[in-house]
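Q: Sequences are here, hints too, so could you generate the full structure?
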Amino acid sequence: MRGMRGRLLLLGGALCMVAAAAQAEDVKRGGTAVIHMVSEQGVLNPALRASTGVYQISGKFMEPLIDKSYDGYVGVLATEWSSSADGKAITFKLREGVNWHDGKPFTCDDVAFSAMNLWKKLLNYSTTLQANLEAVDCPNPHTAVFKYSKPMPLELLVAAMPDLGHPVPKHLYEGTDILKNPYNQKPVGTGPFKFVEYKRGEYLIAERNKDYWRGKQYPYLDRVIWRFIPDKAAAAAALEAGEIHESGFNGISMEDMVRLGKDPRFDVGPKGFENNVAHSTVEFNLRNPILADIRVRQAIYHALDIDFALKTIMRGYGKPGRGPIPSAAGANYTDDVTTYAYDLDKAKALLDEAGYKPDANGVRFKLKHRPAPWGEYTQLWGEYYAQALKKIGINVELVTNDAPGFLNGVYRDHDFDTANGWHQFRADPAVSTTVWLRSGAPVGTAWSNQFGYKSDKMDSLIDAAAAELDPAKRADLYHQIQKLEMTDLPVIFAIEHPFLGITSKKLKNHHNTPRWDSSSWYDLWLDQ
Amino acid sequence: MSLPVPPLLTYTVRRVVQAIPIIILIMVGSFLLIKLAPGDTVDALVGDMGGADPAFVARLRAEYGLDESVMVQLWRYMLKLAQFDFGWSYVYEQPVITVLMSRLGNTMLLMVSSLMVAFTFGVTLGAIAAKRAYSWTDNMISTLGLVFYAMPSFFLSLLLILIFSVKLGWLPVGGIRTIGAFKTGWADVADVARHLVMPTAALSLIYLAFYMRLMRTSVLEVMDLDFVRTARAKGAGGARLMFHHVMRNALLPVVTLLGLQFSTVLGGSVIIETIFSLPGIGQLAYTSVVKRDLNTLMGIIAISSIIVVIVNVVTDLVYAWLDPRIELK
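Quick mapping for you: the protein sequence lines, in order, are chains A and B. Position 424 of the first sequence, counting from 1, maps to 424 under the working numbering, and the rest follow consecutively. Position 289 of the second sequence, counting from 1, maps to 289 under the working numbering, and the rest follow consecutively.
If you're looking for bench data, these hints aren't it; they were derived computationally from the structure. Cβ atoms here follow ideal geometry from the backbone N, Cα and C, with glycine treated the same way. Check before you lean on any hint, since a few could be wrong.
Unchecked claim - Straight-line C-alpha distance at most 20 Å; calculated EDC-like pairs for lysine to aspartate or glutamate:
#: 1; chain 1: A; residue 1: 180; chain 2: B; residue 2: 85
#: 2; chain 1: B; residue 1: 183; chain 2: A; residue 2: 413
#: 3; chain 1: B; residue 1: 35; chain 2: A; residue 2: 413
#: 4; chain 1: A; residue 1: 505; chain 2: A; residue 2: 263
#: 5; chain 1: A; residue 1: 88; chain 2: A; residue 2: 155
#: 6; chain 1: A; residue 1: 366; chain 2: A; residue 2: 352
What the hints assert, rightly or not - A short list of chain A residues far from chain B (calculated; beta carbon distances all over 10 Å):
#: 7; residue: 28
#: 8; residue: 312
#: 9; residue: 454
A: Here it is, written out as structure tokens:
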């Protein structure tokens, strides 16, 4: 039997090309996809809240100018983009024949209004990105020219657009209090699905947009329903019972993920989450004189068995980190950096050298550690960290808090010696990564420099990279930033891991783009 | 001639008036307690979003009125509460009263059904166990009660889900209705009932054990009393003796417990509602704490204290009815 199945698989592989060509005919239309969401979303407007939780839902209603595919960036509401030689004017050609769900046409006015009033003023991360945006001109209804006071790298803007480039309909937002606009809770977009109903704490229903611009055949599904299930064990049971079809972003526990991964009814893995890699970190408070000594930080890095943690906590889904920029960043990433292999003897020698000899009980010093409450990975990684440091004579006291408590303790009060959390990469290092290493952010800003790290060299590299127009030079600057971080070590970017999803095999065409859960799902269909 | 005011009414009105300062005290205390927790709703939101720039955070704080001192915030809140305005939930982006009312029904349904199941079965089983004290039946009932009592509710819930949803496929995993089925009338009622079977079972089994143990002891105690012997001597036997003489008297401590437990069931429903993703007050309380949704949390506390006060008054009234020796003063 086994041999037989092997041959069938081979045959299947050979027929793959044919199957791909024939797939268009096999598509079944109709049906309802039911998707798991862990937490409730108050605002469903991606031009006000840059967050994957928002995109997971709003992505079906509202489309960005540009999206990311496995073959690079593809136009959605924009068709072409180009930059002037000085980098101060970036032109987008907009798609024609696109209508909002209420029937009004999508034009440059919508883009200009959204960019100036939402992206520049109200959207997190985007306010920094668009700080130098002066105006958006509309020479004709389907051309938008973004004018900047300082050069804006086209590469950066394009990379940021899938997340930070969602236009809203001007006719529904102009002249209103944008933050209190009711359409923030019942989005009107151009996407393949229309908003129907949001029953808080229960579900959100979207139905097929019959007038979708990609053509009458799209979308294939009649409806998408999100169910809010806060308990991860119950969500796994709902998947097993066939009540939901997909759960993304580690929506169930790793134990269930591994167990159901062996179940032939499900696809499990990181495919489709490549755009959302994160680092599991160890963050130092350099205000503590012990940790201000670089040898102590190096010793701690040497004491961490990264491969062991990867296998036991992330179950092999991930790889050792190489500094602030993940391998998923493409050309901006380099692995030519200083590394710190697992070596307990070296770690102990470094601590001895720094003058921290063990006392009678074998303890060199104590650290107050705050693990972030971002879920299973951060919790277990924090526990592993405490165990690992015990082996080199450092006692770690774990202080556990929920999200607001953690953010305040670490970012505002700096009441920690070490902390661990994760740092999410957002398409380009300039969007949310370098702000973590640059000095000068106001105290209390989450995911800004909580280490008390200040390096003039790092600051000038960051500023130069953000304004560099030439992609090759830009990449070189980011390589230098990575190298400098790996020698200064204000933070250990220990493990780079993607998020994991679990999908019923009844869903077809799933996870076929690197930010699939946030995308529009116009080509998703249900085999039932 | 003035109309005689029934003592029942004066008693009820007096108790309700007495409750007002208590509720105010609860509200002020809870407000300050919640404020003691590190971080506010903006921190929780920023944590959810994976970060935001300082200008964004400052703007949100000003918008939500969180940039004022705690005392100013408390004063403003109490002023609004005095006008029965529960404020705005920044997590749900809806008025708190809308959020609360959409959930209260589900929680009340769950509470009343589980307490009814627990009370009915608990009292019956307890009485049977006492009647046949130290027999094989008594031992079995008592052991089962102990097992249910000792089992954590989250474990029992997941066990039920595993057996009845995943393995057998008889009952839905969670929720209150089949989403997207749009049933109406009796079909809808049946659908909701089907969804409530497991949560009710999980919540009631624990309390059932309480009532059972208490009823058993209470019946055993009453059966030895003089008036029971007298009744038996008069020729009252079997069912009449049990229902009319013994159980009515044995119920008193059980009713006390029922009143007290109404509030603990409200607490127990937090776990049950979260696991069964039932959109109720318990689940709402949990997410409100995590997200530091102060207004919603205060609304829940207000509603819960009102419910508990009402239940306490009703319990006292039931006492008087069960035992005419107790007077309402």
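Q: State for each hint whether it applies.
A: Structure-based check of each hint:
1. A:180 x B:85: holds (19 Å)
2. B:183 x A:413: violated (53 Å)
3. B:35 x A:413: Given pair residue 35 of chain B, residue 413 of chain A holds - Cα atoms ~16 Å apart, limit 20 Å.
4. A:505 x A:263: This hinted pair holds, its Cα atoms lying about 10 Å apart.
5. A:88 x A:155: With a Cα-Cα distance of about 13 Å, the restraint between residue 88 of chain A and residue 155 of chain A holds, given a limit of 20 Å.
6. A:366 x A:352: At roughly 15 Å apart (the allowed maximum being 20 Å), residue 352 of chain A and residue 366 of chain A satisfy the hint.
7. 28: Holds: least Cβ distance 18 Å, greater than 10 Å.
8. 312: holds (24 Å)
9. 454: Holds, because the least Cβ-Cβ distance between residue 454 of chain A and chain B comes to about 18 Å, which exceeds 10 Å.
Consistency note: the structure conflicts with earlier hint 2 alone.
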